[in-house]
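Each protein sequence line maps, in turn, to chains A and B.
This note's numbering applies: residue 1 is where the first sequence begins, and numbers increase by one.
This note's numbering applies: residue 1 is where the second sequence begins, and numbers increase by one.
Quick caveat, the hints were computed from the structure, so don't treat them as lab data.
Owing to the predicted nature of the structure, the values given are computational and were not obtained by experimental measurement.
Hints may be right or wrong, so weigh each one.
To be verified - In the SDA-like style, the derived pairs of lysine to any residue whose C-alpha atoms are separated by at most 25 Å in a straight line are:
id: 1; chain 1: A; residue 1: Lys87; chain 2: B; residue 2: Glu98
id: 2; chain 1: A; residue 1: Lys184; chain 2: B; residue 2: Lys121
id: 3; chain 1: B; residue 1: Lys166; chain 2: A; residue 2: Val83
id: 4; chain 1: B; residue 1: Lys42; chain 2: B; residue 2: Thr233
id: 5; chain 1: A; residue 1: Lys184; chain 2: B; residue 2: Asp192
id: 6; chain 1: A; residue 1: Lys185; chain 2: B; residue 2: Lys166
id: 7; chain 1: A; residue 1: Lys87; chain 2: B; residue 2: Lys237
id: 8; chain 1: B; residue 1: Lys121; chain 2: A; residue 2: Asp85
id: 9; chain 1: B; residue 1: Lys237; chain 2: B; residue 2: Asp192
id: 10; chain 1: B; residue 1: Lys162; chain 2: A; residue 2: Gly45
id: 11; chain 1: A; residue 1: Lys184; chain 2: B; residue 2: Lys129
id: 12; chain 1: A; residue 1: Lys239; chain 2: B; residue 2: Lys162
id: 13; chain 1: B; residue 1: Lys129; chain 2: A; residue 2: Lys239
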Amino acid sequence: MESDIKLIDEAGKRLDGRKIDELREIKIEAGVLHRAEGSCYLEWGGNKVVAAVYGPREAIPKHTQDPLKAVVRARYNMAAFSVDDRKRPGPDRRSREISKVTSEALEKIVITDKFPRAAIDVNIEVLEAEAGTRCAGLTAAGVALADAGIPMKDIPVACAAGKIGSHDENGNKKGGYVVLDLGKKEDNFGDADLPIGISPRTGEIILLQMDGHLTLEEFDQALDLAIKGCKIISEIQKKALLDKYQIDLEVN
Amino acid sequence: MTITSSIKRDYLYNLAKKGKRQDGRDLFKFRNISIETNLISKAEGSARVKIGNTQVVAGIKIDIGEPYPDSPNSGVITTAAELNPLASPDFESGPPREDAIELARVVDRGIRESEFIELDKLCIEPNEKIWIVFIDIHIIDYDGNLFDAASLAALAAILTAKVPAKRFELGEDYPLPVKEPPISCTSVKFNDVMIMDPSLDEEEIAEARITVATDQNGHIRAMQKGLKGSYTTDEIKKIIKVSLDNGVEIRKKLYESVGK
Numbered sequence: 001m002e003s004d005i006k007l008i009d010e011a012g013k014r015l016d017g018r019k020i021d022e023l024r025e026i027k028i029e030a031g032v033l034h035r036a037e038g039s040c041y042l043e044w045g046g047n048k049v050v051a052a053v054y055g056p057r058e059a060i061p062k063h064t065q066d067p068l069k070a071v072v073r074a075r076y077n078m079a080a081f082s083v084d085d086r087k088r089p090g091p092d093r094r095s096r097e098i099s100k101v102t103s104e105a106l107e108k109i110v111i112t113d114k115f116p117r118a119a120i121d122v123n124i125e126v127l128e129a130e131a132g133t134r135c136a137g138l139t140a141a142g143v144a145l146a147d148a149g150i151p152m153k154d155i156p157v158a159c160a161a162g163k164i165g166s167h168d169e170n171g172n173k174k175g176g177y178v179v180l181d182l183g184k185k186e187d188n189f190g191d192a193d194l195p196i197g198i199s200p201r202t203g204e205i206i207l208l209q210m211d212g213h214l215t216l217e218e219f220d221q222a223l224d225l226a227i228k229g230c231k232i233i234s235e236i237q238k239k240a241l242l243d244k245y246q247i248d249l250e251v252n
Numbered sequence: 001m002t003i004t005s006s007i008k009r010d011y012l013y014n015l016a017k018k019g020k021r022q023d024g025r026d027l028f029k030f031r032n033i034s035i036e037t038n039l040i041s042k043a044e045g046s047a048r049v050k051i052g053n054t055q056v057v058a059g060i061k062i063d064i065g066e067p068y069p070d071s072p073n074s075g076v077i078t079t080a081a082e083l084n085p086l087a088s089p090d091f092e093s094g095p096p097r098e099d100a101i102e103l104a105r106v107v108d109r110g111i112r113e114s115e116f117i118e119l120d121k122l123c124i125e126p127n128e129k130i131w132i133v134f135i136d137i138h139i140i141d142y143d144g145n146l147f148d149a150a151s152l153a154a155l156a157a158i159l160t161a162k163v164p165a166k167r168f169e170l171g172e173d174y175p176l177p178v179k180e181p182p183i184s185c186t187s188v189k190f191n192d193v194m195i196m197d198p199s200l201d202e203e204e205i206a207e208a209r210i211t212v213a214t215d216q217n218g219h220i221r222a223m224q225k226g227l228k229g230s231y232t233t234d235e236i237k238k239i240i241k242v243s244l245d246n247g248v249e250i251r252k253k254l255y256e257s258v259g260k
């Protein structure tokens with residue numbers, strides 16, 4: 001059975017050759033779209049995500065307006081060709097849920113009381129998916145918002161940690177390893193997944209989900225590891241924004 | 001018409017009368033076209049096409065299904081287009097609207113009617129099993145001329161697509177059987193000037209639009225006129241000639257990008 005697949009060896013080396021605290025390769029580019037106020041293209045392992053920000057603009061329909069602040073509307077969408085079996089176009093329950101938790105995470109970071117009755121639309125398009133798309137989406141959204149010049153308290157960033165390898169080849173239980181940034185097989189056959197989003201400056205947690213099985217101790221480890229991952233990615237985000245705007249600074 | 005668009009209209013029209021355009025192009029020249037293929041490894045074929053600032057990603061998924069009763073020996077293609085809200089402040093999320101449906105149908109017709117994909121070679125067992133080719137087109141940045149960008153992206157994705165026979169234990173994967181691609185070129189008209197490959201500004205003030213798809217023999221394979229304006233026969237003849245010339249260039253580019 002494939003669930004008995006060996007996700008990690010005794011030396012702590014994972015299927016794709018990563019160490020337990022190693023991220024997949026991440027590439028971020030800011031300002032890739034012409035029409036959007038701000039945008040971002042992000043590759044994270046096998047994930048390919050584009051995010052675009054529109055607004056602040058009048059929130060329509062009117063009943064969605066908040067007279068005191070802006071609403072942040074994230075929309076997470078997966079392309080039909082982004083996964084192995086074609087996904088039917090349009091929102092399903094999973095993408096609605098991800099859109100909701102992402103909106104809520106962003107609302108904490110964006111200074112919304114500057115824009116009463118407005119909407120800030122954050123569109124996240126997953127072109128190719130390979131485990132960890134919600135983290136990739138939130139991370140890309142953070143860069144796109146910054147690129148759009150939306151006032152924020154910080155640039156939000158997300159990363160997951162998880163647990164793998166708690167069964168040996170014969171299916172017997174053993175310790176297992178807490179690892180950073182689950183890959184596809186680790187997500188499918190691993191024991192737990194803990195995606196978190198943080199405000200890296202303050203360390204506040206703005207998104208947290210978890211499924212699987214973790215002891216309290218393992219949870220602490222996983223949380224530390226995921227925050228460590230977020231901090232690394234945060235630097236890549238800042239570099240992407242600098243790469244785009246540094247030229248302008250030098251010219252002026 | 002709003003005040004702004006009538007100002008824009010006068011400006012663009014006066015330029016065009018002098019044979020000029022906002023971005024410095026000739027009237028009948030396309031913007032820069034770039035084609036990138038095989039960027040989505042989960043898809044059987046994929047392409048990203050940029051025409052100027054317009055950006056489109058197309059992906060092909062191929063699956064096994066049942067044939068339609070009236071064509072038991074041929075495969076099926078279905079085309080869907082999404083005008084993603086990330087492409088323009090005017091696109092909304094939700095079920096496909098009229099314009100997305102029109103776009104998908106025009107692209108679909110271009111591919112279907114030209115018999116570009118050899119559907120009769122996509123039969124596995126007559127009456128029972130055939131290959132279904134899903135063509136999904138995502139508009140991610142909108143600066144005019146979606147028809148050409150979408151159809152070019154679909155063509156490039158199809159040209160690089162592989163039938164995933166191995167996954168279904170039907171032998172080795174093989175390239176999707178195709179013939180020569182028809183290249184579509186869209187132009188618009190305002191007052192008495194015609195321009196090729198309209199940008200968004202030019203599209204917004206256009207009175208008439210025409211798409212002409214031509215093949216490698218210089219024959220016309222599909223046409224579609226849109227909007228409320230009209231053309232004279234001389235204008236139509238002129239624009240067919242121009243579309244043909246541009247088609248040759250674009251076809252060359254397409255083949256280069258897929259390594260043929």
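*asked:* Run through the hints listed earlier and report the numbers of any the structure violates, in increasing order.
replied: 2, 4, 5, 7, 11, 12 and 13
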